[in-house]
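Number of protein chains: 2
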Amino acid sequence: MKKEFTVTPWEVKGNIDYNRLIKEFGTSSIDNALLKRIEKHTGNLHYLLRRKIFFSHRDLNWLLDEYEKGNKFFLYTGRAPSSHTHLGHLVPWMFTKWLQDKFKVDLWFQFPDEEKFLFKDNLTLEDTERFTQENMLDVIALGFNPKKTKFLVDTKNADLMYKEAIKVAKKITFSTAKASFGFTDETNLGSIFYTSMQAVPAFLPSILKNKKIPCLIPHAIDQDPHFRVARDVMPKINQYKPASIHCRFLPGLSEGGKMSGSEGHTIFTVDDQKTVSNKIRKYAFSGGRNTLEEHRKKGGNPDIDISYQYLTFFEEDDKKLEKTCNDYKSGKLLSGELKEILIEKLNKFLKQHQKNREKAEKQISKFILK
Amino acid sequence: MKKEFTVTPWEVKGNIDYNRLIKEFGTSSIDNALLKRIEKHTGNLHYLLRRKIFFSHRDLNWLLDEYEKGNKFFLYTGRAPSSHTHLGHLVPWMFTKWLQDKFKVDLWFQFPDEEKFLFKDNLTLEDTERFTQENMLDVIALGFNPKKTKFLVDTKNADLMYKEAIKVAKKITFSTAKASFGFTDETNLGSIFYTSMQAVPAFLPSILKNKKIPCLIPHAIDQDPHFRVARDVMPKINQYKPASIHCRFLPGLSEGGKMSGSEGHTIFTVDDQKTVSNKIRKYAFSGGRNTLEEHRKKGGNPDIDISYQYLTFFEEDDKKLEKTCNDYKSGKLLSGELKEILIEKLNKFLKQHQKNREKAEKQISKFILK
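Line order of the protein sequences matches chains D and A. Numbers given in the working numbering equal positions in the first sequence, counted from 1, plus 669. Numbers given in the working numbering equal positions in the second sequence, counted from 1, plus 669.
These are calculated hints, taken from the structure and not from any lab test. Hints are not guaranteed to be accurate.
Remember, identical chains collapse to one label, so a pair may be satisfied in a single copy or spanning two.
As a list, the in silico PhoX-like pairs of lysine-lysine whose alpha-carbon atoms are at most 20 Å apart [unchecked claim]:
id, residue 1, residue 2
1, K1039, K825
2, K832, K789
3, K785, K905
4, K988, K709
5, K905, K789
6, K1039, K832
7, K773, K741
8, K881, K773
9, K771, K880
If we strip away everything but chain D, and leave its shape as in the complex, we get (with noise of 0.2 Å):
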């Protein structure tokens, strides 16, 4: 049976079935009585959490475990700098947020500036030094405490990391490797190892800090292979497997599986407002009917209505969307007007995104490791 989906580091593609992946990456799903556990330390829980964008995990309950003998984690993610920031890499990075605030927890933020350059022919490490730049603006714009957040950047940073990097390649194979990742002869020396450097900010602190500390990596399920693989080190060079935390993909406008930086109809958060609307407008996908009457009639659908999906990534207000959704099905709500809300909604979070990554040239300096 041909496979209708994949989801790979370097390719997502197809109508992804998430309680699928959960069984063949091997990893938890996030159920209820998790999600109450987690809600006795924050106090709440955070959109994405409630509507299951973040539906699985590993070694989660460990990690509370541990945080609850007093052994406090620290949360890592990352950004690989190949293109302005999108839409789409905002998801893990607002939750990071959130669990960096209701935790009281450290960030390491790792920007890989070497992975796309490895991976992708024409792109040069000058394009990728731009975007890091670029990217961070938007990290910050998201609001981290510089005092509890660090940026990683592995060609700068390659002094701390690369030492750590060739203990995790010395345990991996190249035919484990291939295994992971889908190498061939054909690939370049670099892309080989760079997994070794993904892995390093999952025990960085614990070197620097000469302790043992839990990791937990919010992280799109596409980067599971990575950390699959440092999973499997990590005992191996004495350290904990890190835990994680995993979301669904910010659809792309019309076609669905994952929102890339590298193909057309990307909201970016450099996008103005009348780009933002006329991406919209022109692209996203619509669950809605034929001809105005059958709609009234028939209503929409929102589950495959992209413009009622961003709002499920966007909207924070449970009761908003909720009527935004009956209203939608009842057919009291056209497709037009539906993508109107979602292009009023964006516009404002873009507005003072882009306000705040203004202010955020300033603070680089702040985030960036001594």
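Given the structure of chain D, go ahead and fit chain A onto it with the hints provided.
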């Protein structure tokens, strides 16, 4: 036909046919015309050149063309720390020092402290760190000019090196690495990546000075596969192919091939006089005859006598060496007496070296790259 010898960066064994190596590796032999051309600049010829211990090269004529046009080169050599320094290591370094003095050029000396860690199961990073310090003392003891010599330590200088290494790594496929180094699916990711780090010092000075500078690498011929791969890559990243000059191996005391720090019967620079004497008396393979009578009559064979071979590497005086050779061949000099000549020579050399080594400790900081 089975090959009677093996020469790879990680293994040297058997009776090495150096002329065949030149053909197999595709290097050029150093002929008399080239020796004269070198002498034109240096005034005299180092005994390691006169004796064709440095016997092979790549692009040395191109390097001298550039030099004569006023485009000065820099030197690059190195040591992968895994044990104390032995006499075999000193050979290319002594020659490199001569080149530095004669051409008044910079030397970049690499200590790839990750290499042997990655390639040897039992070696730890603590081991290689310790031997890096020890090996540095031996380099300094040879009298390199601290104003013109920079030490590069891979794990410490990775902030400079990793970014350059990935440019190289992007241009080498696993297929090429397999063919060049005999890697298999069971090779670890760090070992696979490593050759990219060894390529870096060949162009790092060009990056730092933002102009292309020719590079000459004096090294034992077993390292050639690394630089063959590097030479293929350099034009693709807009850098000169490094030139190189290759020496034969100082043979092991008893087994020939190449002196190895991980095998027994090896003379280390830290060995005391008694240890050196004992090792030579006990293990140095003799080209003498079975009985005193036969030796006096037929004479010894210097070509297979390890003590004599060692003198060709360490006795600078051609006349003394020739006399020893003739006396041995005629039967006038006995094997035991030949051993004593070598013992005296080496112990005198090592006594001075060890004095220099003690003073070197305080000088390390002058050589470390800031």
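For the identical chains here, do K881 and K773 meet the 20 Å Cα criterion within one copy, between copies, both, or neither? Within one copy only: 18 Å inside, 50 Å across.
When no copy is specified for K988 and K709, does a C-alpha distance of 20 Å or less occur within a copy, between copies, both, or neither? This pair counts as neither: shortest intra-copy Cα distance 23 Å, inter-copy 89 Å.
How do K1039 and K825 come out at 20 Å by Cα distance, when the copy is not named: within, between, both, or neither? both (10 Å within a copy, 15 Å between copies)
How would you label the pair K1039, K832 (within, between, both, or neither) given a Cα cut-off of 20 Å? both (17 Å within a copy, 18 Å between copies)
Using 20 Å as the alpha-carbon threshold, which applies to K773 and K741: within, between, both, or neither? within (9 Å within a copy, 57 Å between copies)
As a check of your reading, is K785 near K905 (CA-CA no more than 20 Å) within one copy, between copies, both or neither? between (28 Å within a copy, 19 Å between copies)
For K771 vs K880, is the C-alpha pair at or below 20 Å within one copy, between two copies, both, or neither? neither (23 Å within a copy, 52 Å between copies)
How do K832 and K789 come out at 20 Å by Cα distance, when the copy is not named: within, between, both, or neither? between (25 Å within a copy, 16 Å between copies)
For K905 and K789, with the copy left unspecified, which applies at a CA distance of at most 20 Å: within, between, both, or neither? Result: close only across copies, 16 Å inter versus 32 Å intra.
In terms of the numbered hints stated before, the structure departs from hints 4, 9, listed from lowest to highest.
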